[in-house]
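The sequence shown begins at 1 in my numbering and counts up by one.
The set of hints was computed from the structure by calculation and includes no laboratory data. A quick note: this is a predicted structure, and the numbers were derived from the prediction, not measured. Fair warning: there could be bad hints in the mix.
Stated by the list, open to error - The calculated lysine to any residue pairs, modelled on SDA-like cross-linking and capped at a C-alpha distance of 20 Å, are:
id : residue 1 : residue 2
1  : Lys6      : Leu38
2  : Lys6      : Gly43
3  : Lys6      : Asp44
4  : Lys6      : Glu41
5  : Lys6      : Glu16
6  : Lys6      : Glu45
7  : Lys6      : Gln37
8  : Lys6      : Ala57
9  : Lys6      : Asn24
10 : Lys6      : Ala47
11 : Lys6      : Glu50
12 : Lys6      : Leu18
13 : Lys6      : Thr42
14 : Lys6      : Gln46
15 : Lys6      : Ala17
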Amino acid sequence: MLGRVKEGRALLAEAEALYADEGNEVGAAMVALAEAQLYHETGDEQAAAEMACRAEAPLTEAATWERALLARWLRAEALRAQGQTQAARALLDSTLDEAERQRATEATERV
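Input sequences plus hints: build the corresponding full structure.
As structure tokens, then:
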């Protein structure tokens, strides 16, 4: 698995460079989100939190709510894993509130 993780990180770095070269902030944010997930899966919670934080703003600005909320959830999980339970709880609560707001907005738009 370690070889696959290294290969994955190398491919993500390459993708990030391509998106950065073309000025695609949302593409770069998607790569950062994938990196955050990879760091979380391998137990590097500090890096997971940093990458999730980096991904969140561009994804929110682009109104890609599922991805933005996933970034927020990952950041909260990373905080929890680092023993920062109060900060994690507050972030999870606000993430849930935002998810419910977005669901209500989507339902209203369908009518």
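Going down the list of hints, with the structure as the test:
With a C-alpha separation of about 10 Å, the suggested pairing of Lys6 with Leu38 holds against the 20 Å cut-off. Distance check on the hinted pair: Lys6 and Gly43 sit about 14 Å apart at the alpha-carbon level, within 20 Å; holds. Of the pairs offered as hints, the one joining Lys6 and Asp44 holds, with about 14 Å between alpha carbons and a cut-off of 20 Å not exceeded. At roughly 13 Å between alpha-carbon atoms, Lys6 and Glu41 fall within 20 Å of each other, so this suggested pair holds.
With a CA separation close to 15 Å, the supplied pair Lys6 and Glu16 stays within the 20 Å bound. Taking the CA atoms of Lys6 and Glu45, the gap is near 17 Å; set against the 20 Å cutoff, the hint holds. For the hint linking Lys6 to Gln37, the alpha-carbon distance of about 14 Å falls within 20 Å, and the restraint holds. Using a Cα cut-off of 20 Å, the hinted pair Lys6 and Ala57 is violated, with the two alpha carbons roughly 27 Å apart.
For the given pair, Lys6 sits about 24 Å from Asn24 by alpha-carbon distance, which is inconsistent with the 20 Å threshold. The hinted pair formed by Lys6 and Ala47 meets the criterion: a straight-line CA distance of about 15 Å does not exceed 20 Å. With a C-alpha separation of about 19 Å, the suggested pairing of Lys6 with Glu50 holds against the 20 Å cut-off. For the proposed pair Lys6 and Leu18, the alpha carbon gap of about 19 Å is at most 20 Å, so the pair holds.
With a C-alpha separation of about 11 Å, the suggested pair Lys6 and Thr42 falls inside the 20 Å cut-off, and the hint holds. For a cut-off of 20 Å, the pair hint linking Lys6 to Gln46 stands: about 18 Å separates their Cα positions. The suggested pairing of Lys6 with Ala17 holds, with an alpha-carbon distance near 17 Å, which does not exceed 20 Å.
Of the hints listed earlier, those the structure fails to meet are numbers 8, 9, in rising order.
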